[in-house]
Structure formats: structure tokens, C-alpha cells
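Dock chain B against chain A, hints included.
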Amino acid sequence: MLLEQILFFVAAAGAIGGALGVVLLRNPFFSVLALVAHLVALALLFLLLNAEFIAAAQLVVYAGAVMVLYVFVVAYIGGVEDPLGGTGLVGRLGPVFAGALLAELTIAVVGSGLDALNTRGADIPAGFGSPGAIGKLLLEKFLIPFEAASFLLLVAAVGAIVLARRRRGLEEADADDMPDRAGRAPIGYPGGRAGAGEGDDEGPPPGTAEGLGDPTPVREPVTPEPA
Amino acid sequence: MDVVWFVVLAAFIFCIGAAGVLTRRNPLVVLLCLELMLNAGNLALVAFSRMVGNREGQVFALIVMVVAACEVVIGLGLIVAMYRRRLAIDVDEMRELSG
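Chains A and B are the protein sequences, given in the same order.
Under my numbering, the first residue of the first sequence carries the number 1, and numbering increases by one thereafter.
Under my numbering, the first residue of the second sequence carries the number 1, and numbering increases by one thereafter.
So here's chain A without its partners, still in its complex pose (with noise of 0.2 angstroms):
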């Protein structure tokens, strides 16, 4: 019991930590890695909860492969650090809706007077999230959801190919057609790629990030004219 306690403090504290991390970190690397370690502590939480098959799910598929993804788009694009602050109503407004909402949720969960909400629920047999249970019960009460959800995966995967794919073959990007600050740190951080310093920072030179057949127009550098 006090080994429960200690174990869900600990777990507590490393998902709101690493949620913190998330989103006050500047770089998108360092966020990633605090998801990591964000979805470790829930994936903790999730054994104290006797959903084995969900903590190892958490850890191989969520912890495992997704961010992997992550870490590879992170290293393409570059760290394009952002200042923390937001821009305009939304952003500034962010935080106080977040307060808002989690005080209106707290008091939801707390006064809700749920008697069940204050125990440790309900007597379970053993073996209650374990994968036999959890896929005796996909494919038999629920196949239709887990092979609409199979499904879904293969459209997403096919999207993701025709979202990112090269462009040849279609309309070409003109450069007239591209804002003035295209592939560019955000506005008020300085030199946000790495290595772009002031002035310097018009992307990946083209031919290296694509190979020699980028079909990404050339931008022109600017050179000041001689007085």
C-alpha cells in the first residue's frame, strides 16, 4: 500500500514534469525528449491501474516508435526555437483558459460526489488488463472498432505519403507564388536554425536536403549593391 503511494507520487510528478517540460522547453528536441519522459511516468501509472497491456503498448508503440518519428522530423526541419510568450488573443489569452479549465475541472472531479471516485474500485480477478483479456476482447465485442482503426492507420499512412512526397510531377512551387519569409525562424528570434546566423537564414541550400534533384525553386541570395 505505502509502496503504491510512493510509486504514484513519483510517477505523478514525472508526468507533470515532463508535460511542463513540454511545453515551456524552447527547442522542439528537448520537448520531445521531456515526452519521453512523460509518457515512461504514465505508462507507470497505467501498471498502477493493472492495465498491463496499455503500459507496454504505451511504452513500445507511443514511446517507442511515434517518437522516433518525431525525433527524425525534429532533425529535418531543425530546431526552430520559438519564443515562449504567445502572439496575439489566443496565445496571450492561453494560460488563463488553462487555468480556468482546470479549475472548473478539479472542482467537477472533486465535488462531483461520486462515492466510487474515493476508492480503490471495484474488486478485479486477476489477470485484468492482460493482453490475452485485452485481445479476447478486441477481437470479439469490439472487432468492428479495431478493424475500422487498422484501416485508419492504412488511409493515414497512405496520406502521410502523398503529404510529403516530392512535388515532381505536379505544378511546380513558383517563388512568386511564396511569402517573403518562407522556411524562416519565426519573427523576434533571431537566427532560429541552426547554424543561420543574421541574414543567413534562407534554409537549407537546395540540393543538399533533397538530393542533386530538389524540384524546390533556387532562391536567389540578395546581394547588396556596390556603392
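Some clues are possibly wrong.
[To be verified] Beta-carbon label-pair distances, calculated as ranges:
id, chain 1, residue 1, chain 2, residue 2, range
1, B, Glu96, A, Leu139, 40 to 46 angstroms
2, A, Val110, B, Glu96, 42 to 48 angstroms
3, A, Ile144, B, Arg95, 36 to 42 angstroms
4, A, Pro125, B, Asp92, 48 to 54 angstroms
5, A, Ile16, B, Arg95, 31 to 37 angstroms
6, A, Gly135, B, Glu96, 41 to 47 angstroms
7, A, Ala56, B, Arg95, 38 to 44 angstroms
8, A, Met1, B, Arg85, 53 to 59 angstroms
9, A, Glu147, B, Glu96, 33 to 39 angstroms
10, B, Arg95, A, Met1, 51 to 57 angstroms
11, B, Glu96, A, Ile16, 34 to 40 angstroms
[Said to hold, decoys possible] Heads up, simulated SDA-like pairs for lysine to any residue below, C-alpha to C-alpha not over 25 angstroms straight-line:
id, chain 1, residue 1, chain 2, residue 2
12, A, Lys141, B, Val52
13, A, Lys136, A, Gly121
14, A, Lys141, B, Gly41
Everything labelled a hint here was simulated from the structure, so no lab data went into it.
Since we're looking at a predicted model, the values are computed, not measured.
Even for Gly, the Cβ is constructed at its ideal location relative to N, Cα and C.
Same frame as chain A, but now just chain B:
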């Protein structure tokens, strides 16, 4: 541990994620904060599943994980497409659909 602890923790994580979605400007970090919110929902689902003594909440949590994976794949594909077209990696500058 009482179930209420887990539910309050899920509320905390959800609100941190919501604050991140509203304030951060890098779409990668916005996706990460969306993951936080989905994970908070997962934690609440599993906690209630434990409370009722019914395994079906855990199946819902699995389906939520599948949906989250799809969302990540499409979101990262969009970000890579933005990068390839040399668009700014900044949600505040993606105004073409805002009308």
C-alpha cells in the same frame, strides 16, 4: 490509491497540454501538446476502467492511441510538406485558411 487521484492528475496534464496548444507557435510542439491532451484522456479512461472493473475502457484507450498515431503521421507529413515548400514553420504565419 483512490481513483480520484488519477483523474485529477489527468485534469492537470490535459490543462498543461491545452495551454501549450494555445501558446506555442512551432507546429511540432503544438503536435506534442496535442499528444499530452490525448494521453490525459487515456489516463482518465484507464482510471475509470479500473474504477468500474470493466476492461472496455482499456480498449478505448488503445483506440485513442491508434488515432493519436494517425494524427502524428498526418501532422508530421504536413510539417515536412511545409518545409519542402519553404513555408515558415510557424503557426502564426499560416494564415491562408483563416479567411
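Each hint, compared with the structure:
1. Judged by the Cβ atoms, the range 40 to 46 angstroms given for glutamate 96 of chain B and leucine 139 of chain A holds: they are separated by roughly 45 angstroms.
2. Between valine 110 of chain A and glutamate 96 of chain B the C-beta distance comes to about 44 angstroms, which sits within the given range of 42 to 48 angstroms.
3. The hinted range of 36 to 42 angstroms is satisfied by isoleucine 144 of chain A and arginine 95 of chain B, whose Cβ atoms lie roughly 40 angstroms apart.
4. For proline 125 of chain A and aspartate 92 of chain B, the hinted distance range of 48 to 54 angstroms is satisfied, since their beta carbons lie about 52 angstroms from each other.
5. About 34 angstroms separates the C-beta atoms of isoleucine 16 of chain A and arginine 95 of chain B, a value consistent with the hinted range of 31 to 37 angstroms.
6. The hinted window of 41 to 47 angstroms between glycine 135 of chain A and glutamate 96 of chain B holds, with their beta carbons roughly 45 angstroms apart.
7. In this structure, alanine 56 of chain A and arginine 95 of chain B meet the distance hint of 38 to 44 angstroms, their C-beta atoms being roughly 43 angstroms apart.
8. Range check, methionine 1 of chain A to arginine 85 of chain B: Cβ separation about 57 angstroms, and the 53 to 59 angstroms hint holds.
9. A beta carbon spacing of about 36 angstroms between glutamate 147 of chain A and glutamate 96 of chain B agrees with the range 33 to 39 angstroms that was offered as a hint.
10. Taken as a hint, the range 51 to 57 angstroms holds for the pair arginine 95 of chain B and methionine 1 of chain A, whose Cβ atoms sit roughly 55 angstroms apart.
11. Our hint of 34 to 40 angstroms for glutamate 96 of chain B and isoleucine 16 of chain A holds, since their Cβ atoms are close to 37 angstroms apart.
12. For the proposed pair lysine 141 of chain A and valine 52 of chain B, the alpha carbon gap of about 18 angstroms is at most 25 angstroms, so the pair holds.
13. Distance hint between lysine 136 of chain A and glycine 121 of chain A is fulfilled; the C-alpha atoms sit about 23 angstroms from each other, no more than 25 angstroms.
14. With a C-alpha separation of about 22 angstroms, the suggested pair lysine 141 of chain A and glycine 41 of chain B falls inside the 25 angstroms cut-off, and the hint holds.
Checked against the numbered hints above, the structure violates none of them.
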